[in-house]
Amino acid sequence: MMTIKKKLEKTLVLLLFLLSTFTYAQNNSPLKGKVTDNLGNPIDNVTVSVIDEFTQASTDKAGNFLISAGTGKILLFSKIGFIPKKFEVKDNSFIDLKIEKQTVEPEYQVAYGKRSKSSLTAAISTISADELSKAPVSTLGNAIQGLSSGLTVLRTVGAEPGWDQPSLYIRGVQSFSGATSPLVLVDNVERDFSQLDPEEIESFTVLKDAAAVSMYGMRGANGVILVTTKKGFVGKPVISLTAQYGVQSPTRLPKYAGSEDYVKYHNIALRNDYNNLSDEEFNSLFLSDPRNVPSNYNGSNPGLYPNTDWYKSFLNSTAPQQSYKLSLRGGTEIAQYYVMLGIVDQKGLYKSTNENPGTFTGNEFSRYNFRSTVDVNLSKNLKVGINLGGRVENRHVPSTGAGTIISALSKLPPTMPVFNQDNSIAGSAIYNYNPYGMIAKTGFQDRLSRYLQGTTTADLKLDMILKGLSANGLFGFDAYKFSARSKSQKYAVYQQNLDGSYTKFGEDSSIDLGYSNWGSDFSLMLNYMLGLSFDRNFGKNEVAADIKYMQSSQSVDGDNADYRNQGMFGRTTYTFDKRYTVEFGFAYNGSENFSKGSRFGFFPTISGAWVLSNESFLKDNELITYLKLRGSYGKVGNSNIGVGYRFPFENKYYSGSGYYFGTSDTDGSYEGRISSPNITWEQSLNSNIGIELGLLRKLEMDIDFFNNNRTKIITGRWNILPSIVGQDLPYVNSGSVRSQGFEISLKHNNRLGDFSYTVQGNISLAKNKITSQEEVSGMNSWEYRTGNPVMQQWGLQVSSDKFFKDQTDIDNWAKSTYGAVKPGDVKYVDQNKDGVIDSQDNVPLGNPSVPEWNFGLTLGCDYKGFDFNVLFTGIANRSLFMSNNVLWGMQDNNKITTEVAENSWGVSQNPLYPSLTTQLNSHNYQPSSLWIKNVDFFRIQTMEIGYSLPKKMLLKANISNIRFFINGYNLFSFDGLKKYNLSAEIPNAGVTMYPEVRVINIGVNLKF
Amino acid sequence: MKKLIVTLFCAGYLFLTQSCADYLDKDPSLDTNLNYQEIFSDVHFAPGFLNNIYNTVPDGFSRFGGAMLAEACDEAVCSNSGSNIQLFNKNAINATTNPDDVWDNMYKGIRKCNIFLNELQPDGIITKTNSIPEVKDGVRIRDYYKGQAFFLRALFHFELLKRYGNIFYVSKVLDPFNEEELFAVNQLPFSQVADSIANDCDSASVYMPATYPDDSYKGRPVKMTPLALKSRVLLYAASPLNNSTNDKSKWKRAADAAKVIIDSKKYSLNSTFTTTFNTLYNPEIIFAARAFNRNDIEVNNYPVSYQGAGNMNPTEDLVEAFGMASKTYKNRYQNYNSEDPYSINNAIKRENRFKYTVFFNTSKLKDTIVSTYVGGKDGLFSTPTATKTGYYMSKFVDQTLDLAKGNTSNRAWIYMRYAEILLNYAEALNEYDNVANFSAITSVLNSLRARSGLRNFDAADNTLLKDQNEMRKYIKLERRLELAFEEHRFWDLRRWKDAETVLNQPVKGMRITKDDSGNFTYTVFDADARTFDTKMYWYPIPRKEILKYRNAGKTIIQNPGWE
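If you read the sequences in order, they're chains A and B.
Under the working numbering, the first residue of the first sequence is numbered 1, with each subsequent residue one higher.
Under the working numbering, the first residue of the second sequence is numbered 1, with each subsequent residue one higher.
Keep in mind the hints are simulated off the structure, nothing from the lab.
Be a bit skeptical, because a hint or two may be false.
What the hints assert, rightly or not - Calculated pairs, DSBU-like style, for lysine-lysine (alpha carbon to alpha carbon, straight line, at most 30 Å):
| no. | chain 1 | residue 1 | chain 2 | residue 2 |
| --- | --- | --- | --- | --- |
| 1 | B | K497 | A | K490 |
| 2 | B | K366 | A | K504 |
| 3 | B | K266 | B | K473 |
| 4 | A | K230 | A | K822 |
| 5 | A | K822 | B | K377 |
| 6 | B | K26 | A | K481 |
| 7 | A | K101 | A | K264 |
| 8 | B | K544 | A | K833 |
| 9 | A | K264 | A | K85 |
| 10 | A | K635 | A | K619 |
| 11 | B | K473 | A | K411 |
| 12 | B | K252 | A | K264 |
| 13 | B | K136 | B | K90 |
| 14 | B | K90 | B | K128 |
| 15 | B | K535 | A | K652 |
| 16 | B | K136 | A | K504 |
| 17 | A | K652 | B | K172 |
| 18 | A | K596 | B | K26 |
| 19 | A | K61 | A | K34 |
| 20 | B | K544 | A | K652 |
| 21 | A | K481 | A | K114 |
| 22 | A | K98 | A | K411 |
| 23 | B | K259 | B | K26 |
| 24 | A | K411 | B | K377 |
| 25 | B | K26 | A | K504 |
| 26 | A | K833 | B | K223 |
| 27 | A | K101 | A | K61 |
| 28 | A | K504 | A | K698 |
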């Protein structure tokens, strides 16, 4: 054993030697050495560089290195987590060097700066770049689900490539009128992050409490997400190349009954619809038609009696996606750089055809990202950074939208063919459309978006004036150009009649020769920021202070005023002995939304932290290795108040809407909503208490409790003032919402020999309640919004016997205002007992539509080159109305699932669904307790298995790392909607929206 | 050092408060928003403000989705069982749910009128800036605009009055920030509102020219238009629902108001019945809401095999009311054969207006035959929205439109036409003094008969109609036939207090079956239920409004039966 190892070592050393001489063919004689820690354990991957030269080397697993350096040169030994050490080369002898572990605390990104763990007073959570890359999705928002406590990521649309942005909420929904989504900044400039490549992101920080968002003042009340892109570092250049290929496949698609069953149930539905006909009349009117005889669909004559699976006919079971990224990162003491290029190409699920040669009839999303970041120390005191990023996004789709296409798949009966026997496109008077026509024969759209984003920063040390003082500036520009072009076409469908003739619906046209350009948008955003920072330690006293001024403008295409922001903000932090920290933050900023003179607000925050584990009574405690208490209280605001238009303080008059006199239209003008001169921002008083705990040096735990009082929410005078005013009434800031909750996050790392593992988990609860809103007295108790959560849903309560037994039952019950009622229809409770079922009978039902609980759990381990990682996510306390064809079966000429058909009134002894009907039935399908379902889920969100080739195999090729991986996204969900084959998160996916997909992806990453 | 910080801070502060203090102001060069001053001082926008108000005039084709008000009384059944018009028929209206609630919308129109009238005052912006000149091309144009605003304000109040009875007459622009003034506007009883409307009509008339200044003004009201509205308002005010003591002077006022229009000779009956509805401007139209490139009437009402929804299904009750084209009124049912109700084989047809009002089995539409027999392409049960009575509406539809090709045409919803004035006049005179005015009454009624291809009353008719009750019956019948589906009968049944009888029995349909040899069998059946609770004589004032007043500690009277 020993000998082999030694031999190997020798070979390695030799290899290294050869390699370094090959790479750095210089006359200097090679130096040998070994790097160990103070216990004598070898340290690998230590960068050894010759100062002022480009020569570099790194240590192997045994800590050995070889480098060429002449006498008098200085070697720099550096590795993250260790204190860098210099060594002056005196002679050729073996260098035995010890480096020490850095006891520096971890640092966290906060608003416009960094804070060490002990001086951090705010509630934040972070997601590392590494975690982001485990989800093979193009839209970044979908990759952060479950990774951060206090952050709700909710997908509400299907996975149509390029159109699958989720909704984000920090600590839930806190306003019933204003915007509720967080402010997002990329490199300190307000920008969207969702189409960035995970490769270009260094860190992702969620700012939650008042202390964390205080510098955003009027814009921070919904929380803030900070995205920081990668920068270069001092060290040997690292080239990284990743190639991935994956397949997307729909997770759950509705399973509708085949033709034979469909016709059987359709006949039952018709019988219900025509219950005033005698059997004889019914038979002669309907059942005499051979198309209404189920047994004809036994497969013996598929030409006349088809059994079409519309989903299979138009959706591929898999669609490919691929991505490639190349990055180069490195630098010297003087300049550091990071360059990245990423390409994503994602095909959609539609089956494409050769209908129009030269035109892809499917859907596709492609994206090209680049980033180029350079930081240069121009002098000892001046550091300048230029960060240029950009992307091109191309979306190619059929002219018919995904919602329309998928709805058609979900509606068309199996008894209709895709093509008639004469190969014409099939249709009928009721279904005068066909997905074939929609996908292949309505033309296509190309939507092209281009972004160029630049951020230039400068940092000037002003130690000569005051030690620790520096000035800094930022200039950002974002240019966005959007254009859309399309070609369109019309198609007709033909109904094959019993006598063999055809009836035509619609008109055919050939595809347009030229493109029509129908969309164009350009905007330029300019950001300026200037500031002073002070950071200095006086013995045990640490002081950090910032003050900044910012302004930004974003142009709007056309004759419209720019969107503008302006403000001043600052922060002072004082820490004593790494035990006590107190921080004061403020923002004084304004919004164009409010009238002059009352457009600026002052938003102060105070926070503090006490590191108990640095106190003598806990120091060196083996059980409690870290303990910190922190608290914050402050005022923040939300200037996006939800009015829906700009400048609500002005009176609004519009031109247009004249009237036709004589033989022509005349000029028109009219008054808009009455202005609200005193309108102001939403204000939120937020408090937070946090505990940070470390146990046995292996377990870290953060617990936060918050209580936010959002007030001055705009609410309507229209609930209070009579309508005889005759105009939309002005807004007033009189609503309020209280939000409360907590977050716990846990992290445990351990190494057992070659095996190491990580467990990370988070759980968050955010509840809210409307505490005031303009509501009149005298309403029924269940009608008040006040006292309910913001996203509470209302609907009718279904009585305990659910459905009307017979006509007498109907006659003796309250009358419905929602349409005709027959036996077997839903029986609603008449809450106010006025004999009428109407909107006054709506009561709060189920849970809010945004979940109150969020969970995430990551398990990871690695063993001898293998690594494994799995992320479970979940939500709870969310309800949704199941308002689609899958549960509403058959009505309005829809299809039906056997689950619904078999359990419907008149079919089942114990019916769960109303009687079958082919007609539009608005009575049964009101939002009601019958349709609201709990949509909690627990899901395997991502899973990844990787294998890195042993380093020694790679040395020859000058490759530092090759890792193969396979990962998956959206793999498996445990929830209550499985029996309907609907997604619990997006129940309309695959029914009225593009389907939800699962992705399986393989890839390789090479590092040089 | 300290000085530097202070200086920098001060500089920053100054930057923010001084030079940059206006940074958040809108760039005036990019400000495209219009304000009050700009609107009323502009030669296009100032008159445009009035033009826009016309959009609030109700259009009876489009007020209930695909349904029409006629389907809420005994004129027709709506084939769409889920339509909200059905709430009337099953007595499911309440203060929260009323498909015909126009409260908010009419007050919006009224506000616009008041704003416009304010700016026409001597100190108003229009007057001061001369954005609408006092005289243009020899017409007192500013007065004309003022007259129109008065007229529209009267019309909107009338729309509220006939529905809710006790309403708020709003004649000034209300400021939501002045709650005291807002809540001080008083609810008035029916008679006072009717008087205010009549006054506004008079004011309007004074300011208006007798004829259109030129053709570009066509469609705007002229001097007689508001007076025609006044005739209707006064007729309603004299009717049994609002005149419990049968005060004859009210009928006199109504008759006089109608006579003014007749005497003016500005209007006449259009030569044919059908073209009255299919041409935008004709001598019979007094006032109409116009819509362009429309085919909603056909989309909603064409028989189902013509790609229409077949919504409006006239009742057998209405069909039966059309007499045969007989010599006399008295003998109008003489040649009726229940085995051949549409005179397919019979030489003597029903009166002309029948086929221009109703599509029946064997009616011709676009070179094909409407087949409403059971099993026919438009027949009962052929599709979910196929006719429920055996009939479709032929009045108003433009038979030249092909829906498959998306054809459209320009049509008007006639709000007031001359025939109504004649009927108003006859009714009011008959109620005021039927003996003294007998010849005046028969003369106007005969003019309507003549247009319908019916002969004048003969001696037997005259003998019969000398009786006030018989004459009243005739006038009610004539209103029903002449004004079918035009949103008259729904209100007429109410003002006559006939609704509680007429609308408390099922409406009938005609079920036609075809035997193997092609012969039709006709069976009258109950097509749909009708229920009418006496509280439905007045709509409930919307509950949200009642709650607002009570919340503010103010009194508001809800209509009887709705508390």
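These are the hints, each one checked on the structure:
1. K497/B with K490/A: Not OK: K497/B and K490/A at ~55 Å, beyond 30 Å, violated.
2. K366/B with K504/A: Within the cut-off at roughly 18 Å; holds.
3. K266/B with K473/B: 29 Å, holds
4. K230/A with K822/A: 65 Å, violated
5. K822/A with K377/B: 26 Å, holds
6. K26/B with K481/A: Measuring from Cα to Cα gives roughly 23 Å; hence the hint holds.
7. K101/A with K264/A: 76 Å, violated
8. K544/B with K833/A: This hinted pair holds, its Cα atoms lying about 18 Å apart.
9. K264/A with K85/A: 83 Å, violated
10. K635/A with K619/A: 35 Å, violated
11. K473/B with K411/A: Answer violated: K473/B to K411/A is near 53 Å, above 30 Å.
12. K252/B with K264/A: 68 Å, violated
13. K136/B with K90/B: 54 Å, violated
14. K90/B with K128/B: With a Cα-Cα distance of about 55 Å, the restraint between K90/B and K128/B is violated, given a limit of 30 Å.
15. K535/B with K652/A: 41 Å, violated
16. K136/B with K504/A: 56 Å, violated
17. K652/A with K172/B: Distance ~20 Å between K652/A and K172/B Cα, so the pair holds.
18. K596/A with K26/B: 10 Å, holds
19. K61/A with K34/A: Given pair K61/A, K34/A holds - Cα atoms ~10 Å apart, limit 30 Å.
20. K544/B with K652/A: Judged against 30 Å, a Cα distance of about 26 Å means the pair holds.
21. K481/A with K114/A: Violated: K481/A and K114/A sit about 34 Å apart, past 30 Å.
22. K98/A with K411/A: 73 Å, violated
23. K259/B with K26/B: Judged against 30 Å, a Cα distance of about 59 Å means the pair is violated.
24. K411/A with K377/B: 25 Å, holds
25. K26/B with K504/A: Roughly 56 Å between the alpha carbons, so the hint for K26/B and K504/A is violated.
26. K833/A with K223/B: Status violated; Cα separation ~51 Å.
27. K101/A with K61/A: 17 Å, holds
28. K504/A with K698/A: Violated - the C-alpha atoms of K698/A and K504/A are around 73 Å apart, more than 30 Å.
Violated hints for the displayed structure, listed by number in ascending order: 1, 4, 7, 9, 10, 11, 12, 13, 14, 15, 16, 21, 22, 23, 25, 26 and 28.
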